[in-house]
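Take the sequence shown: its position 36, counting from 1, is numbered 35 in numbering that gives the first Met the number 0, and each next residue is one higher.
Misleading hints may appear alongside valid ones.
Stated by the list, open to error - Under the rule of at most 25 Å between Cα atoms (straight-line distance), these lysine to any residue pairs were calculated in the SDA-like manner:
1. Lys21 - Ile52
2. Lys21 - Asp34
3. Lys21 - Ala44
4. Lys21 - Met0
5. Lys21 - Phe41
6. Lys21 - Ala49
7. Lys21 - Phe50
8. Lys21 - Pro43
9. Lys21 - Thr55
10. Lys21 - His31
11. Lys21 - Glu38
12. Lys21 - Ile4
13. Lys21 - Phe46
14. Lys21 - Ala32
15. Lys21 - Glu36
16. Lys21 - Arg1
17. Lys21 - Glu45
18. Lys21 - Tyr33
19. Lys21 - Ile57
20. Lys21 - Val5
21. Lys21 - Asp48
22. Lys21 - Ala54
23. Lys21 - Thr10
24. Lys21 - Pro37
25. Lys21 - Gln6
26. Lys21 - Tyr47
27. Lys21 - Pro9
28. Lys21 - Asn7
29. Lys21 - Ile51
30. Lys21 - Leu3
31. Lys21 - Glu11
Hints are computed from structural coordinates only; laboratory data are not their basis.
For clarity, every value in this text was computed on a predicted model and none was experimentally measured.
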Amino acid sequence: MRVLIVQNDPTEGLGLYERYLKDSMVSHTVFHAYDLEPEDGFPPAEFYDAFIIGATPISANDVDGHDFLRR
0 MRVLIVQNDP
10 TEGLGLYERY
20 LKDSMVSHTV
30 FHAYDLEPED
40 GFPPAEFYDA
50 FIIGATPISA
60 NDVDGHDFLR
70 R
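Given the sequences, and given the hints that come with them, work out the whole structure.
This is the structure in structure tokens:
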């Protein structure tokens, strides 16, 4: 199994998710969406079997100030 973790904010850690995945020897990638440059894209979804979408203190109504939320 391959898991993609989308971390949406640098202050929101992965907590027990990351420990569980490591302890279970599940292959996972942490993608820092908040670091996206305009020309960057998200990893291809077909490379992963499951997704964990991280929390963010940013409101979904604030997409104008945070381009990665719009994507």
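Structure-based check of all given hints:
A C-alpha spacing of about 17 Å is found between lysine 21 and isoleucine 52, which places the hinted pair at or below 25 Å, so the restraint holds. Proximity of lysine 21 to aspartate 34 is assessed by CA-CA distance (about 24 Å); at most 25 Å being required, the pair is judged to hold. Pair hint lysine 21 plus alanine 44 holds up; C-alpha atoms about 21 Å apart against a cutoff of 25 Å. The hinted pair formed by lysine 21 and methionine 0 meets the criterion: a straight-line CA distance of about 12 Å does not exceed 25 Å.
Between lysine 21 and phenylalanine 41 the CA atoms are separated by roughly 23 Å; this keeps the pair inside 25 Å, and the hint holds. Between the alpha carbons of lysine 21 and alanine 49 the distance comes to roughly 15 Å, so the proposed pair stays at or under 25 Å and holds. With a CA separation close to 15 Å, the supplied pair lysine 21 and phenylalanine 50 stays within the 25 Å bound. Proposed proximity of lysine 21 and proline 43 is supported: the alpha carbons are some 22 Å apart, at most 25 Å.
Our distance criterion of 25 Å between C-alpha atoms is met by lysine 21 and threonine 55, whose separation comes to about 23 Å. Straight-line distance between C-alpha atoms of lysine 21 and histidine 31 comes to about 18 Å, which keeps the hinted pair within the 25 Å bound. At roughly 31 Å between alpha-carbon atoms, lysine 21 and glutamate 38 are farther apart than 25 Å, so this suggested pair is violated. About 13 Å separates the Cα atoms of lysine 21 and isoleucine 4, which keeps this hinted pair within 25 Å; it holds.
With a CA separation close to 19 Å, the supplied pair lysine 21 and phenylalanine 46 stays within the 25 Å bound. The suggested pairing of lysine 21 with alanine 32 holds, with an alpha-carbon distance near 21 Å, which does not exceed 25 Å. Taken as a hint, the lysine 21 and glutamate 36 pair is broken in the structure, with Cα atoms around 29 Å apart against an allowance of 25 Å. Note on lysine 21 and arginine 1: the hinted pairing holds, with a Cα-Cα distance of about 12 Å set against a maximum of 25 Å.
Under the criterion of a C-alpha separation no larger than 25 Å, the hint pairing lysine 21 with glutamate 45 is consistent with the structure, at around 22 Å. As the CA atoms of lysine 21 and tyrosine 33 are separated by approximately 23 Å, the hinted pair is consistent with the 25 Å bound. With a C-alpha separation of about 28 Å, the suggested pair lysine 21 and isoleucine 57 falls outside the 25 Å cut-off, and the hint is violated. In summary, the hint linking lysine 21 to valine 5 is supported, as the alpha carbons are separated by about 16 Å, within the 25 Å threshold.
Distance check on the hinted pair: lysine 21 and aspartate 48 sit about 16 Å apart at the alpha-carbon level, within 25 Å; holds. For the suggested pair lysine 21 and alanine 54, the alpha carbons sit about 20 Å apart, so the restraint of at most 25 Å is met. With a C-alpha separation of about 21 Å, the suggested pairing of lysine 21 with threonine 10 holds against the 25 Å cut-off. Of the supplied pair hints, the one linking lysine 21 and proline 37 is violated, its CA atoms being roughly 31 Å apart against a limit of 25 Å.
Straight-line distance between C-alpha atoms of lysine 21 and glutamine 6 comes to about 17 Å, which keeps the hinted pair within the 25 Å bound. The suggested pairing of lysine 21 with tyrosine 47 holds, with an alpha-carbon distance near 16 Å, which does not exceed 25 Å. The straight-line distance between the Cα atoms of lysine 21 and proline 9 is roughly 20 Å, inside the 25 Å bound, and the hint therefore holds. Of the supplied pair hints, the one linking lysine 21 and asparagine 7 holds, its CA atoms being roughly 20 Å apart against a limit of 25 Å.
A hinted pair counts as satisfied when its Cα atoms are at most 25 Å apart, and lysine 21 with isoleucine 51 qualifies at roughly 14 Å. Between lysine 21 and leucine 3, the direct Cα distance comes to roughly 13 Å. Compliance with the 25 Å bound is thereby established for this hinted pair. Straight-line distance between C-alpha atoms of lysine 21 and glutamate 11 comes to about 18 Å, which keeps the hinted pair within the 25 Å bound.
In summary, the structure is inconsistent with hints 11, 15, 19, 24 from the numbered list given earlier, while agreeing with the others.
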